[in-house]
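Use the sequences and the hints to build the structure in full.
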Amino acid sequence: MSAVDAPERSDPSGRGAAFSGTTGGEELTIVEPLIFARSRDERRGVRFPTASDRALNHADGQPELPASALRAAAPRLPEVTELDLLRHFNRLAHLNHAIDLGFYPLGSCTMKYNPKVNEWAARLPGLADSHPLDPEPMSQGSLELMWLLGELLKEVSGFPAISLQPAAGAHGELTGMLMTRAYHRANGEGETRTKVLVPDSAHGTNPATASMVGYQTVTIRSNERGGIDLDALRGALGPDVAALMITNPSTLGIFEDQIDQVIAAVQDAGAIAYMDGANLNAILGRFQPGAAGFDIMHFNLHKTFSTPHGGGGPGAGPVGVSERLAPFLPSPIPVLAEGDADEVRANAWAGRSTPGARFALDDDRPGSIGKVRSCHGNFGMFVRAYTYIRSNGGSGLRTISDDAVLAANYLRVRLRGTYDLPYDRISKHEVVFSGRRQKREHGVTTLDIAKAILDHGIHPPTIYFPLIVEEALMVEPTETESLETLDQFVDVMEEIARTAATDSAAIKRAPITTPVGRLDEAAAARRPDLRHQFADAPAATAPGSPPTPEAPTA
Amino acid sequence: MVYSPHTEADRARMLAAVGVATVDALFDDIPSAVRAGDWAVPPPLVEQDVRAELARLAGRNRIPDVSFLGAGVYRHLVPSVVGEVIGRPEFATSYTPYQPEVSQGTLQSIYEFQSLICELTGMEVATASHYDGATATAEAALMACRLTRRSRVAVSAGVNPDYRRVLETYCSGPGIEVLTVPLDLAETGSGTTDAARVEALVTDDVACLIVAQPNFYGQIEPMRDLAEAAHAVGAQFVAVVEPTSLAILEAPGAYGADIVAAEGQPLGIPASFGGPYVGLMAARMATVRQMPGRLVGAARDGSGRKGYVLTLQAREQHIRREKAASNICTNQALMALAATTYLTAVGPAGLHEVADLSSVQARHTAGALEAAGLAERRFGGSYFAEVTLRLPDAARRHAALVEQGIVAGYLPERDEPALNDTLLVAATELTSDEDIERLVAALESTR
Amino acid sequence: MAYPDDLRYSKEHEWVRAEDGRATIGITSFAADELGDIVFVELPEVGTALTQFGSFGVVESVKAVSDLYAPVSGEVVEVNEAVRDAPELLNSDPFGEGWIARVVLSEATELDALMDADGYAAETA
Chain A
3 MSAVDAPERS
13 DPSGRGAAFS
23 GTTGGEELTI
33 VEPLIFARSR
43 DERRGVRFPT
53 ASDRALNHAD
63 GQPELPASAL
73 RAAAPRLPEV
83 TELDLLRHFN
93 RLAHLNHAID
103 LGFYPLGSCT
113 MKYNPKVNEW
123 AARLPGLADS
133 HPLDPEPMSQ
143 GSLELMWLLG
153 ELLKEVSGFP
163 AISLQPAAGA
173 HGELTGMLMT
183 RAYHRANGEG
193 ETRTKVLVPD
203 SAHGTNPATA
213 SMVGYQTVTI
223 RSNERGGIDL
233 DALRGALGPD
243 VAALMITNPS
253 TLGIFEDQID
263 QVIAAVQDAG
273 AIAYMDGANL
283 NAILGRFQPG
293 AAGFDIMHFN
303 LHKTFSTPHG
313 GGGPGAGPVG
323 VSERLAPFLP
333 SPIPVLAEGD
343 ADEVRANAWA
353 GRSTPGARFA
363 LDDDRPGSIG
373 KVRSCHGNFG
383 MFVRAYTYIR
393 SNGGSGLRTI
403 SDDAVLAANY
413 LRVRLRGTYD
423 LPYDRISKHE
433 VVFSGRRQKR
443 EHGVTTLDIA
453 KAILDHGIHP
463 PTIYFPLIVE
473 EALMVEPTET
483 ESLETLDQFV
493 DVMEEIARTA
503 ATDSAAIKRA
513 PITTPVGRLD
523 EAAAARRPDL
533 RHQFADAPAA
543 TAPGSPPTPE
553 APTA
Chain B
106 MVYSPHTEAD
116 RARMLAAVGV
126 ATVDALFDDI
136 PSAVRAGDWA
146 VPPPLVEQDV
156 RAELARLAGR
166 NRIPDVSFLG
176 AGVYRHLVPS
186 VVGEVIGRPE
196 FATSYTPYQP
206 EVSQGTLQSI
216 YEFQSLICEL
226 TGMEVATASH
236 YDGATATAEA
246 ALMACRLTRR
256 SRVAVSAGVN
266 PDYRRVLETY
276 CSGPGIEVLT
286 VPLDLAETGS
296 GTTDAARVEA
306 LVTDDVACLI
316 VAQPNFYGQI
326 EPMRDLAEAA
336 HAVGAQFVAV
346 VEPTSLAILE
356 APGAYGADIV
366 AAEGQPLGIP
376 ASFGGPYVGL
386 MAARMATVRQ
396 MPGRLVGAAR
406 DGSGRKGYVL
416 TLQAREQHIR
426 REKAASNICT
436 NQALMALAAT
446 TYLTAVGPAG
456 LHEVADLSSV
466 QARHTAGALE
476 AAGLAERRFG
486 GSYFAEVTLR
496 LPDAARRHAA
506 LVEQGIVAGY
516 LPERDEPALN
526 DTLLVAATEL
536 TSDEDIERLV
546 AALESTR
Chain C
8 MAYPDDLRYS
18 KEHEWVRAED
28 GRATIGITSF
38 AADELGDIVF
48 VELPEVGTAL
58 TQFGSFGVVE
68 SVKAVSDLYA
78 PVSGEVVEVN
88 EAVRDAPELL
98 NSDPFGEGWI
108 ARVVLSEATE
118 LDALMDADGY
128 AAETA
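Chains as they are written, first to last, in the numbering used here: chain A, 3 to 556; chain B, 106 to 552; chain C, 8 to 132.
By construction, these hints were calculated from the structure, which means they are not laboratory data. We treat Cβ as the ideally placed atom computed from N, Cα and C, and that holds for glycine. There could be a bad hint or two in this list.
Distance condition first, Cα-Cα at most 25 Å in a straight line; then the derived BS3-like pairs of lysine-lysine [stated by the list, open to error]:
(1) C:Lys70 / C:Lys18
(2) A:Lys510 / C:Lys70
(3) A:Lys441 / C:Lys70
(4) A:Lys510 / A:Lys441
Label pairs and their computed distance ranges (CB to CB) [unchecked claim]:
(5) B:Gly124 / A:Arg500: 21 to 27 Å
(6) B:Arg254 / C:Phe60: 19 to 25 Å
(7) B:Ala157 / A:Ala53: 43 to 49 Å
(8) A:Arg511 / B:Ala126: 41 to 47 Å
(9) C:Met8 / A:Pro424: 45 to 51 Å
(10) B:Ala505 / A:Gly216: 47 to 53 Å
(11) A:Asn189 / B:Ala305: 34 to 40 Å
(12) A:Asn189 / C:Glu41: 40 to 46 Å
The structure is reproduced here in structure tokens:
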């Protein structure tokens, strides 16, 4: 059996440069073929022992698998050697930009350096091989780490209670909204409080999350200074409002300077104040949401706390909550079952274990909303975040925000002459420009500008978000980029603005130095091709089996 | 240890350009009433001290010498190449591929992942992954509700209890009712979903029937019959499957599954105390617009080069906002890459060896314990690589073995009181004959 | 911008061509341009009862999604199957081949609540 569909000419340069293949009668240039194209009958990668290698012979008397449950034909996984596999994925890797290669100023994502000691820690066998259901006496290290991380995140944010269970920021939002619903139900207001308020600058996950929990979203406009309009908020608050979900600093990179009044207004109306913690990198050591009165906040460990983005996950989205919401946290929660918390913490900060201390998982929590994912959460990311916080320490965390905010303001003042700045005031860790001048005067859009940035080996900023800024360009440098990198970015942006004025066609052709140019996303969505189709007919003939694949498109 | 590169000279230059005297001025807009006070975060540590601290914590775990614990998380071999591939900084330190021109590595590897999951499951389309098997199952239930416009879901008690808790939590949001279809738990009964109760509970107001194969107790379920029962009332059939078993067991697409959910952890991902893992989801192409999560599709650029893009994004939160099928933003891209690398590294022959040896060693374990008069199978019927055994005084003896560094398995009485004095035992290709002999000897010593 | 003057237009950028008690419905070129390349149209089912200004379907582009709002009330008697396979017709010929549905008008006076071509042109200027 083979999964080869069409002959491919090999690429002797070995650098993933473009080369041609012929498929289905069309001439197509392929940068790196699919793994299926490297497959050859009977090639093997990793091998395992076979049943006959085993000496024990007790299987007699045990039931065979029933024939009706057996697979008709083996799955057509690729048959490749380890070397071919590695070449394939290494060549694919060459096609990616990454933080470890160059500047990545994606607003709202906090693309800071991901320290490698975090990776060393996550791979320690004592942590990596720990089974989540191993008996608690065997898991004291894992439980202590989770407890200590929780203590540190509470200290940083000012919340008295926390759950590490959510697997991502959006997952933390879901957790927070489910807790909000549980809280209102416990107060007899579950059926009457049906609305969630979000500012018009909110992340898309906020209204999507509210809907998943059965809430109706009401959008509150921002004022001319970029903060939430307090009068509009007050007008929208009432006995039918369950919560306000607000990002602070906002997605405009601006701190809500009336945040104390916002929280008070929300809570006076009997609603829950939820803070989207995506922008925590701006305020470490300066603002503690829990101490300021927020009821709930989700953390993004993959943003503020440096766990790698992985091309789109995994992340982790712990939620910190106030006392009144603590009963509703997901279960179980790691607790210090025996021992004095102050002593355990003090010892841990000094690098010592505490004799007699015992950690456990508390699953006896009747008010809990339940579970939002299996097991205890993305433990591997807890290891990385804990390592990061211990490396930086309290003073280091403060330096993170100081430098992130300073760097963003530096870019703000250096670029505000070149690109429109809708809100020209002190920003926090990110700043939002508008490409509207370039669009109006030269027909060059923010999308074009982003594609032109790619040709300079830099990842573009976030584009077209937040929605309230026309042709938005959201720049977040983070604290880990050098001044030379920031200055180079300014030079690139200025050059693109100049070229937009003198040779806009060049901008519209961009990118030209990347492995592929602009892709036809409309055609991709109209006629979706979401999987490799094999040339040979499928072996499965059982009723309900999927239809014969179409002509191969490798 | 801090990672900011800025010297005082750098900061002075930036402050001068911004036009403020100190960085504190950049935080003046924080109302004084809510400015942060001092905090009790310990001081920084240099690398060698940070390493010592993490080693201290790792050292406080005891990894068992011998383990027969599965219950949803399985200790399979993680081939060396997997760590090499996912350790590549281009994969690890890149972001979601919203700018496809510089993300073809990630995008093409996700397309390959989607292809492999389709092939394993016999389904037409697979997403770029979800947080874990539990959330994939919950999302599948919500998808079935959207497709059928019904608001009740039926789930077999044979589905992992953790998944069922997550399902209930997810359903509580939009007020979807969850019905549990019990198993036949009679002594030497089938240990599978009770057909009579399916008949009674799965009525034409139910959006889906969710069944695991193999089920949590290791038993092989009659999936074709259960699919028919669901379809007879116009409900979707959701199959929750164990991915390595699909080398040997029938693909869900062949027995009539409408949606498939699974946990991908057995495919090259270490146990890591519960995460990160990767949720798999697959379905029929006709329902793709109701599928939550990211999808990668093939595309062409202006010069005719083939590439890959995130597609059908209009379903997702950043566009659809409150009308999105789900709020999911991140998937688990690096873990999906681990699974892709694993499936490619082992190939069809290797996956078959893993599945075969796992089920053979499970039979050797059960057989050895039966031969020693220590335990018997609790259920009739067949099992895959995990089996529920009747073990008198199971809890006490399990604890006694823990003291010896042996985890004999999982105690099902945690979730099903009727299964007290039973032990759920899992084997993988890493289960050696010596492990089995040690288990037998240890249990013997606890009679 | 001149819009076809034999049509009536709603604020939500739908158009209506009414003849003999039936109405053909579509989206305007303005809407199609705003959405960008249209990739999918969720058509209503034949037999569905539409209510004026109620939502009855979805139009999806690469970067945006928009509900369709019925410009008039009536029962759907025909839908344009061509746009299922070729949604790009809404971009290339929004007032012609890109029509979406045909209904039997239940209340012809509803047309008075809609704008004429000049009114719509002013609205979208």
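Each hint, compared with the structure:
1. C:Lys70 / C:Lys18: Holds, at roughly 22 Å.
2. A:Lys510 / C:Lys70: holds (19 Å)
3. A:Lys441 / C:Lys70: holds (18 Å)
4. A:Lys510 / A:Lys441: Status holds; Cα separation ~12 Å.
5. B:Gly124 / A:Arg500: 21 to 27 Å: holds (25 Å)
6. B:Arg254 / C:Phe60: 19 to 25 Å: holds (23 Å)
7. B:Ala157 / A:Ala53: 43 to 49 Å: The hinted range 43 to 49 Å holds for B:Ala157 and A:Ala53, with Cβ atoms some 44 Å apart.
8. A:Arg511 / B:Ala126: 41 to 47 Å: holds (45 Å)
9. C:Met8 / A:Pro424: 45 to 51 Å: Violated - the Cβ-Cβ distance for C:Met8 and A:Pro424, about 28 Å, lies outside 45 to 51 Å.
10. B:Ala505 / A:Gly216: 47 to 53 Å: For A:Gly216 against B:Ala505, whose Cβ atoms are near 48 Å apart, the range 47 to 53 Å holds.
11. A:Asn189 / B:Ala305: 34 to 40 Å: holds (37 Å)
12. A:Asn189 / C:Glu41: 40 to 46 Å: holds (44 Å)
Hint check: a violation occurs at hint 9 only; the rest are consistent with the structure.
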